[in-house]
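Visitor: Just need the whole structure built from these sequences, with the hints factored in.
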Amino acid sequence: MTQRPASTTPPRPLSSSLRERVSEWASDDGNADTGQGVTIAPATHFSKGPRVYPTRFGAAFLLTALLTLIGCVNYQLSLGYLVTFLMLGLWVVGAVSASRSLSGLTLSAAPPGSAWAGQDAVFAVRVQNPSKQIRSSLRLRAHRPRSAAICLFDVPSEAETRAEVLIFAPKRGPLLLPRLRLEGRDPLGLWRGVTYPLLSAEALVYPAPEEDAPPLPSSKVGEGSGEKRLSGQEDFAGIRPYLPGDAPRQVAWRQSARLGELQTKLFDAPASFTLRLSYSELRGLNTEERLSRLSAWVLQARQQDARYRLELPSLKLEEGSGETQARRALSALALYRAAENVPDQPPAAAHQSTGRKRR
1 MTQRPASTTP PRPLSSSLRE RVSEWASDDG NADTGQGVTI APATHFSKGP RVYPTRFGAA
61 FLLTALLTLI GCVNYQLSLG YLVTFLMLGL WVVGAVSASR SLSGLTLSAA PPGSAWAGQD
121 AVFAVRVQNP SKQIRSSLRL RAHRPRSAAI CLFDVPSEAE TRAEVLIFAP KRGPLLLPRL
181 RLEGRDPLGL WRGVTYPLLS AEALVYPAPE EDAPPLPSSK VGEGSGEKRL SGQEDFAGIR
241 PYLPGDAPRQ VAWRQSARLG ELQTKLFDAP ASFTLRLSYS ELRGLNTEER LSRLSAWVLQ
301 ARQQDARYRL ELPSLKLEEG SGETQARRAL SALALYRAAE NVPDQPPAAA HQSTGRKRR
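Following full-length UniProt numbering, the numbering of the sequence shown begins with 1 at its first residue and continues without gaps.
Hints listed in this document are in silico derivations from the structure and should not be mistaken for laboratory results. Glycine is no exception: its CB is placed at the ideal position from the N, C-alpha and C atoms. Hints are not guaranteed to be accurate.
What the hints assert, rightly or not - Quick list of the computed label-pair ranges, beta carbon to beta carbon: (1) ALA159 with VAL73: 34 to 42 Å; (2) SER256 with ARG139: 53 to 61 Å; (3) LEU188 with SER114: 19 to 27 Å; (4) ARG337 with VAL92: 52 to 60 Å.
Guide: The following block contains the structure:
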């Protein structure tokens with residue numbers, strides 16, 4: 001009989017688990033994206049409509065009204081009854097107003113961009129208001145954690161607004177947009193209407209580039225001594241603006257005097273080379289450190305407009321340059337599967353390990 005290994009994950013406290021289950025049940029209001037966005041149901045739809053909760057000010061307002069009512073009963077204050085029931089009426093009307101501040105809105109996720117591991121990914125959410133009622137002071141954030149950044153915005157009548165939600169990306173790879181929390185309040189701030197839409201969106205998180213990474217490797221594919229167009233002693237090809245580090249003998253002094261700013265001569269090189277960014281040659285580093293260095297090298301190559309190819313254990317990206325090549329390379333690094341993260345082992349160590357197993 002095969003025994004399953006014991007779980008190494010420490011058990012969560014019962015109170016924390018119960019709190020999470022209650023929170024999950026309370027937030028599951030059925031407002032899930034079906035491809036056309038999420039439309040908040042009217043307040044009369046109890047299963048999918050916005051849920052209303054009193055604010056702290058609203059709770060204090062109700063307590064004041066009740067204390068006023070007790071005083072009116074004890075001292076037989078007729079005018080006090082009028083004030084008390086007016087306060088209670090405002091409190092009830094505020095609940096309806098808070099619920100109507102969200103009903104009818106349609107939320108949809110715009111195509112997300114990319115992000116870096118360890119930073120916030122930006123998800124754009126389109127909020128459409130088909131009614132003639134202005135929706136003011138709406139608040140949108142991730143449902144969890146509670147400390148998530150809040151986006152405060154207004155939606156004009158019969159218009160559309162884009163709101164940005166920041167989601168922390170702890171690691172590389174695909175990042176799904178979690179359940180959101182949309183909140184609106186009545187004009188007096190007594191109640192808040194809350195709904196929890198679940199939109200379909202996924203961002204790609206690139207590996208964080210290594211800080212102070214070494215320069216690009218010298219390993220090349222092909223022959224030649226530089227890029228297709230280099231500052232050298234070949235045929236003159238043109239000029240470009242001066243960059244710090246250009247040799248003084250390469251400065252085009254006549255053109256610089258005529259244009260009023262320093263220019264550098266460009267020459268045609270006889271051939272070009274392609275940099276080789278190889279995962280397997282980064283020995284002594286673990287998987288994430290290798291991907292981080294390759295990510296930094298891709299950014300360096302893009303900045304220098306160098307041609308390069310990326311070699312991973314399961315993928316070889318053809319040579320290229322520019323922004324498109326950088327996006328392809330960073331996407332490949334972000335999607336590198338965990339099942340392939342096998343540390344390199346020297347042949348001698350692998351042979352000794354095999355010998356011990358055979359004994």
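Visitor: Taking 53 to 61 Å as the hint, is the beta-carbon distance of SER256 and ARG139 inside that range?
Guide: holds (56 Å)
Visitor: If you check the beta carbons of ARG337 and VAL92, does the distance land in 52 to 60 Å?
Guide: At roughly 56 Å between Cβ atoms, VAL92 and ARG337 fall inside 52 to 60 Å, so the hint holds.
Visitor: Does the Cβ distance between LEU188 and SER114 fall inside 19 to 27 Å?
Guide: With a Cβ separation near 43 Å, LEU188 and SER114 fall outside 19 to 27 Å, so the hint is violated.
Visitor: CB of ALA159 to CB of VAL73, is that within 34 to 42 Å?
Guide: violated (49 Å)
The structure fails hints 1 and 3 (numbered hints given earlier, in ascending order).
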